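Use these hints to put chain R onto chain V, whose structure you have.
Number of protein chains: 2
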Amino acid sequence: MYKLGIDIMGGDYAPYETLKGVKLALDEYKDLEVVLYGDENIIKEQLKDLSRVEICHTTKFIDMGEKDPVTALRKNRDASLALALTDAKNNKVMGVVSAGPTQALVVGAHLFLKRMDNMRRTAICPIIPSVSGKKTLLLDSGANVELKPEDLCDLAFFASVVCKCLKISDNPKVGLLNIGTEPGKGRMVDKETYYMLKDDKRINFYGNVEGKEILTSDCDILVTDGFTGNMVMKTMEGTALGTGEILKNEIKKSFLAKIGYALFMRKAFKNYKDSLNPKKIGGAMLLGVNAPIIKAHGSSDAFAFKNGIKQCLDLVRSGLIKDVKENWDASNITE
Amino acid sequence: MYKLGIDIMGGDYAPYETLKGVKLALDEYKDLEVVLYGDENIIKEQLKDLSRVEICHTTKFIDMGEKDPVTALRKNRDASLALALTDAKNNKVMGVVSAGPTQALVVGAHLFLKRMDNMRRTAICPIIPSVSGKKTLLLDSGANVELKPEDLCDLAFFASVVCKCLKISDNPKVGLLNIGTEPGKGRMVDKETYYMLKDDKRINFYGNVEGKEILTSDCDILVTDGFTGNMVMKTMEGTALGTGEILKNEIKKSFLAKIGYALFMRKAFKNYKDSLNPKKIGGAMLLGVNAPIIKAHGSSDAFAFKNGIKQCLDLVRSGLIKDVKENWDASNITE
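So the protein sequences, as listed, match chains V and R.
Taken in order, the first sequence gives residues 85 to 419; the numbers are from my numbering.
Taken in order, the second sequence gives residues 85 to 419; the numbers are from my numbering.
So that you can see chain V by itself, here it is in the shape it has in the complex:
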């Protein structure tokens, strides 16, 4: 059995959708046990079957609109997220899932759970789709606005272990996001990172990858600093939505096209949207800390939240943290 800590109070549709997600996950994964952090009354009202469920009662939580999550967490060590992360530190749970604010999760993981020994930085790591249907890890997409080359190497290694654990690839290819494919492109930090990744024996380095290749590249992992990663991730999101909107407007303008859509193409459009839907994948991972942590989408419905729980469960089942620790010492410098 694997026991996960679930913050049922985080997210736009918490606690009702998160609790529905928990129920779906418990029904589907028989090796799953959960500790639920949140209001006991609501939990008992929503979940009739409490086998494999422990409740850690609290009515405090970090609001989705919280401007200063650091202070909020410091002042509320009994907020649902803080309690879940503290239990992960004390090995009471093996991983944590929350749909609460990203920055609260990043800060909370530092405050309550601690970074893994050797890791100097953490990273937010969403999984993005690609044209061919494969999955790609993009990190850091927002935990640290600046990262040193050695931090990027450690994070790339961590992500490589994640890729193996999630069975995305046996020998994951790591690309460095950059403004050109040749070595020597980019800022000083990018140039240095290029050569350091190339020499790191823990990593299967592919080379530089440009923004225009993100959806088509062969890489399983794309690394960059948290500023660039966040810009890129949100630009992808905005462009996919924006171009979809432009297409929708063109369809609406034409009577014929509206008919074509309604009669023939609704399904193809639905599949298209599904393949870009982050809810199907789960959530972003927080890498670099001592337990698998999944940040589910803030707007998670029950289905999305269940997938976030599944992702965390997969990482726990696979022994991610142990794997990272055991493989850490492989030399990362060429002789």
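Worth double-checking, as some hints may not be accurate.
Computed beta-carbon distance windows for the label pairs [claimed, not checked]:
| hint | chain 1 | residue 1 | chain 2 | residue 2 | range |
| --- | --- | --- | --- | --- | --- |
| 1 | R | S383 | V | N160 | 53 to 59 Å |
| 2 | V | E124 | R | G268 | 34 to 40 Å |
| 3 | R | K173 | V | Y279 | 16 to 22 Å |
| 4 | V | K357 | R | K354 | 19 to 25 Å |
Straight line, CA to CA, 20 Å or less: simulated EDC-like cross-link-like pairs of lysine to aspartate or glutamate [claimed, not checked]:
| hint | chain 1 | residue 1 | chain 2 | residue 2 |
| --- | --- | --- | --- | --- |
| 5 | R | K296 | V | D96 |
| 6 | V | K354 | R | E334 |
| 7 | V | K107 | V | D152 |
| 8 | R | K232 | V | E230 |
| 9 | R | K354 | R | D385 |
| 10 | V | K296 | R | E321 |
| 11 | R | K151 | V | E266 |
| 12 | V | K232 | R | E230 |
| 13 | R | K176 | R | D398 |
| 14 | R | K219 | V | E334 |
| 15 | R | K357 | R | D398 |
Don't read these hints as lab results, they were simulated from the structure.
Just so it is clear, the structure is predicted and the values come from calculations on it, not from any experiment.
Virtual Cβ for every residue (Gly too), placed ideally from N, Cα, C.
Quick look at chain R alone, frame taken from chain V:
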């Protein structure tokens, strides 16, 4: 009459498509005169009517695949692009259009044309579409990987004058690309730039703009350093193409959808593609130098190249450079 310098040897389809583009432009714009830099024999063979055309003969040019454009330009001061930029410096032509390599244009503009007095940096500035159909200037998208806050302010001011000259807006709104909308977001350089833009009286500052809002924001101008701008621009390009590809694959999978596309929706898809087509807009501008310079798409066909010439002509007609110089001295610091 306005005389522009046209590098007919730059671009994937030069010189035949570029010459066709010149012909289209001369037919359409009766106030246009051109100096064509390139092979005299080909020019005379392709253009029957040489009224309003001067030829500056050279057989040298910067290859599209040139890895080291700096050295290539230094060694070939009689390459077509170098000659055009030199003539711009000597006021023999009022602006330059080239579909050659971007880095060659950036370097060449520094070597032969020179920066405008006061401008410490130049910027590559493409025009991007938006969901509402308006145009947005995105800079710097690749001339300088790093830019100081004061450089970004000067470039934002320059771009504001461009927006007025191109009649995109009378009072253009400037947004700062960032990883959150609140002040205080981003790297140190972004935080400093935020407050400097806010205090700059030459600029109508809107605030921070996230990647997900690029296609929907109200801003006429989005500023950031050349590394981030280049990543964002290419990510948009890749996402638009990639998601289009995913949709195409979904349509191909379904017989019904294929029929729907062929019978009803071909036109709507064409309009959609057209609205995202950079060829309709012209090219990216190089801002900060002493004459309007347009970098047409490397893959420009005649139509795209003609639009690049039009864009340069519009800027020359509007008196851009004079406007920038006259407005430079408006105080950019609050008292």
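The hints, checked one at a time:
With their beta carbons about 56 Å apart, S383 (chain R) and N160 (chain V) fall inside the hinted range of 53 to 59 Å. At roughly 38 Å, the beta-carbon separation of E124 (chain V) and G268 (chain R) lies within the given 34 to 40 Å, and the hint holds. A beta carbon spacing of about 39 Å between K173 (chain R) and Y279 (chain V) contradicts the range 16 to 22 Å that was offered as a hint. Between K357 (chain V) and K354 (chain R) the Cβ separation comes to about 22 Å, which falls inside the hinted range of 19 to 25 Å.
Of the supplied pair hints, the one linking K296 (chain R) and D96 (chain V) holds, its CA atoms being roughly 19 Å apart against a limit of 20 Å. Using a Cα cut-off of 20 Å, the hinted pair K354 (chain V) and E334 (chain R) holds, with the two alpha carbons roughly 9 Å apart. At most 20 Å may separate the alpha-carbon atoms for a hinted pair to count; K107 (chain V) and D152 (chain V) exceed this at roughly 32 Å. Proximity of K232 (chain R) to E230 (chain V) is assessed by CA-CA distance (about 16 Å); at most 20 Å being required, the pair is judged to hold.
Of the supplied pair hints, the one linking K354 (chain R) and D385 (chain R) holds, its CA atoms being roughly 18 Å apart against a limit of 20 Å. In summary, the hint linking K296 (chain V) to E321 (chain R) is supported, as the alpha carbons are separated by about 6 Å, within the 20 Å threshold. Distance hint between K151 (chain R) and E266 (chain V) is fulfilled; the C-alpha atoms sit about 9 Å from each other, no more than 20 Å. This hinted pair checks out: K232 (chain V) and E230 (chain R) have alpha carbons roughly 16 Å apart, not beyond 20 Å.
Restraint check for K176 (chain R) and D398 (chain R): the C-alpha separation of about 18 Å stays at or below 20 Å, so the hint holds. Under the criterion of a C-alpha separation no larger than 20 Å, the hint pairing K219 (chain R) with E334 (chain V) is consistent with the structure, at around 18 Å. Between K357 (chain R) and D398 (chain R) the CA atoms are separated by roughly 25 Å; this puts the pair beyond 20 Å, and the hint is violated.
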